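**Student:** Single-letter residue listing:
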Amino acid sequence: MASDAEQGQLQPAPESFLPKDLVEDISRDGINAGRRSLLQGAFAAATASMVAPALMADDDPDIVNLPSWTRSLGKPVVANPYGQPSPFEANIVRRQSPGLTRTDQSSVSFTPLQNLFGMITPSGLHFERHHQGWVDIDPRRHRLMINGLVETPLVFTMEELLRMPSVSRIHFLECGANTGLEWGNVAVPTVQYSHGMLSASEFTGVPVSLLLERAGFDRKRATVLLAEGADGSSMTRTINLENALDDALVAYGQNGEMLRPENGYPLRLVVPGVQGVSWVKWLRRLEVGDAPWATKDEVAHYVDLMPDGTHRQYTSIQEAKSVITAPSGGQKLLKQGYYDITGLAWSGRGNVEKVEVSVDGGRNWRAARLEGPILPKALTRFHCDWVWQGEEAMLQSRVTDSTGYIQPSRAELVQVRGTRSIYHNNAMQTWRVGADGEVHNVQLG
Amino acid sequence: MSSWAKALVLWLCAMVMTPWTLALPEGLDDLGRPATEGEVAAWDIDVRPDFVGLPPGSGDVWAGEEIWLAQCASCHGDFGDSNEIFAPLVLGNITEDDIATGRVASLTDPGVTRTTLMKVPTLSTLWDYIYRAMPWNAPKSLSPDEVYGLVAYLLNLGYVVDDDFVLSDTNMAETQARMPNRNGMSLDHGLWSVSGVPDVSGSACTTDCNVSVNVASSLPAYAMNAHGNLAEQVRDWGPYPGLWTEPAAEPEQVAAASAAVEAAVAPEAALTAGGCSGCHQMAGQLVGPGFAAIRAKYAGQEHAAYVRDKIVNGGAGVWGSMPMPPMPAVDDEALQQIVAWLTSGEE
Chain A
1 MASDAEQGQL QPAPESFLPK DLVEDISRDG INAGRRSLLQ GAFAAATASM VAPALMADDD
61 PDIVNLPSWT RSLGKPVVAN PYGQPSPFEA NIVRRQSPGL TRTDQSSVSF TPLQNLFGMI
121 TPSGLHFERH HQGWVDIDPR RHRLMINGLV ETPLVFTMEE LLRMPSVSRI HFLECGANTG
181 LEWGNVAVPT VQYSHGMLSA SEFTGVPVSL LLERAGFDRK RATVLLAEGA DGSSMTRTIN
241 LENALDDALV AYGQNGEMLR PENGYPLRLV VPGVQGVSWV KWLRRLEVGD APWATKDEVA
301 HYVDLMPDGT HRQYTSIQEA KSVITAPSGG QKLLKQGYYD ITGLAWSGRG NVEKVEVSVD
361 GGRNWRAARL EGPILPKALT RFHCDWVWQG EEAMLQSRVT DSTGYIQPSR AELVQVRGTR
421 SIYHNNAMQT WRVGADGEVH NVQLG
Chain B
446 MSSWAKALVL WLCAMVMTPW TLALPEGLDD LGRPATEGEV AAWDIDVRPD FVGLPPGSGD
506 VWAGEEIWLA QCASCHGDFG DSNEIFAPLV LGNITEDDIA TGRVASLTDP GVTRTTLMKV
566 PTLSTLWDYI YRAMPWNAPK SLSPDEVYGL VAYLLNLGYV VDDDFVLSDT NMAETQARMP
626 NRNGMSLDHG LWSVSGVPDV SGSACTTDCN VSVNVASSLP AYAMNAHGNL AEQVRDWGPY
686 PGLWTEPAAE PEQVAAASAA VEAAVAPEAA LTAGGCSGCH QMAGQLVGPG FAAIRAKYAG
746 QEHAAYVRDK IVNGGAGVWG SMPMPPMPAV DDEALQQIVA WLTSGEE
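Chains as they are written, first to last, in the numbering used here: chain A, 1 to 445; chain B, 446 to 792.
Derived from the structure by calculation, the hints contain no laboratory data. Take these hints with a grain of salt, some might be off.
[Stated by the list, open to error] Heads up, simulated SDA-like pairs for lysine to any residue below, C-alpha to C-alpha not over 20 Å straight-line: (1) A:Lys354 x B:Glu691; (2) B:Lys585 x B:Gly498; (3) A:Lys75 x B:Val732; (4) A:Lys75 x A:Pro85; (5) A:Lys332 x B:Gly498; (6) A:Lys354 x B:Val732.
Every value quoted in this text rests on a predicted model; they were computed, and no experiment measured them.
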């Protein structure tokens, strides 16, 4: 496409350039060859008169030569009835890690943390983890059943659930296998793949405690809930009743709108602080029980192998973790000078109390600035000023949560758990900044 | 009750908070209705390790093999050992000794591929999962008898049961007592409860900390592009452009990528750049007619030459008195896009 300079800054409104008598003439008799040449002459003159002023050496052409969007009528409302990101943001999308899974239905897509801001993940960029594909459910035909150790097994329609008292809360959602590829060694290049099974949303729904109360659950015997999906996998997970009564939600809202289908439309379980697999999507049933179910994703997957050959079962809580999202692996610093090191911190046991940042691989630390609001079991954005003078640097972050727990280094974590447990890797992340400005994922040892 | 099961019960009891009550708002009892027995039966298909929920039935290894070959082998392999689509279910890493102790010894060996049968402590899980979620593309199409047969076949592949074995609701418990890794699960951790005790703690050191800063692991150069060109996976105009990891030359590729972005936004970009949107809007008359009206009138390839001529040379009298001037600012590429769009007839 021709540049603005080549186009000669043509002004669009034709009536401004045409002599009044010519317009009248054309209107009366139409265009003939003579009038066409007159018309073209008029436009050529207009074009010539509108060429931009000469650029001086220090002038920014993007300022001096007014760009086309400054000189034209913009698009009308509802050109996009559901708004879309700018086409210039086309790189910022969910991505799969090649070779991680061999089916696209039982697979993962990762959130592009490297380019996001604040503490909320846009719904369309929320990571995906499906076990047997995702489904489009007609909300008019969706039901939630509550059974098991209750006075009366109940069935709710979506209409009824939306009539019930609701709450909206911001929480993070992290897959238990997030950073799982990095247990043994560096395996992926960017924070999208190393930490991108992490998202956060404002969820709206009905407290599970209210529904259990409505069903008259057996307080003496109940210890657990089974959550079950309505998709083909009808995925099941055992939920600790402690979580269910404390802050779990049966959620239909996400960031002010309904859940996206990939995230469980029209209903999902929200279990703040607990790994994503327990946040059962397309939720159709909650069963109150007195013993755990040892479901497929509690014995064959989502069990953490320890060095002695035992598997830790029912590992659920996501312990405190943080990561620098920018600058981060696969990026490049183009020039020396000021940078805002920024990242995310979170804890499944409460609030982020403190985040510290090191630029020398953990030898020296300084406190990062935390952005409010700091909410329990939510992402907290942190910032740390940094002036890069071209030296090699090792960037790390370390979170302390409201229980006093301090995020371990990789060495500290591996010493206890070995390198084969797949799940619950909350070790500190290191990004190496080279003298050339290239940022790479590394592990220190 | 096994010692593991006793530990589980004690553990669960310790974890649950003191019972607590919540006052229901008035009128809330009207929301939700009692589920019928048939409805509960239709959905409550879960089977617990104590076999609560297990439907009656039976199936033998041979029947299981037949169903397996027809419905399961295409993903899991004839012997459950395929690693093509899913991780292997059975690979023969289970010994007589494992079955006797209930601990799969090879789980400590990093060189051994972990299979489902090496991990699963509870037979109920296999039954429950196959019944609810298999086969992959037609979940819930298997009968209970077929599931008993399939589970028997899987156990036979792992040498847990003999060739002539018949699995049924009456011998599930005794068969579960032969599961090779039935004692391999641990609840000795702090990750079940929000108030659990962590097993690892980080250091609070802030100054001159004694840590190694040697790089022990990093991505080798040949793997840098394994996830695709990183330059195309970040905001390419921000402070941290992505590393160009594709073998091909960089500058041409960048130009091509940005041209592709421009093409993707056409025809709006072409309409704006060409000055069209100064006089035409999508719907309704502005200075000239709305694009919707033009598109409706000239839908069809046969109008392409005419429309092209009107843009290049201008015209008047078709839509009213205001003349359409020639549009020299519309370059050939934009002209092609605009004409194609105006005559496409697509909504």
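**Student:** Flag every earlier hint the structure violates by its number, smallest first.
**Tutor:** 1, 5, 6
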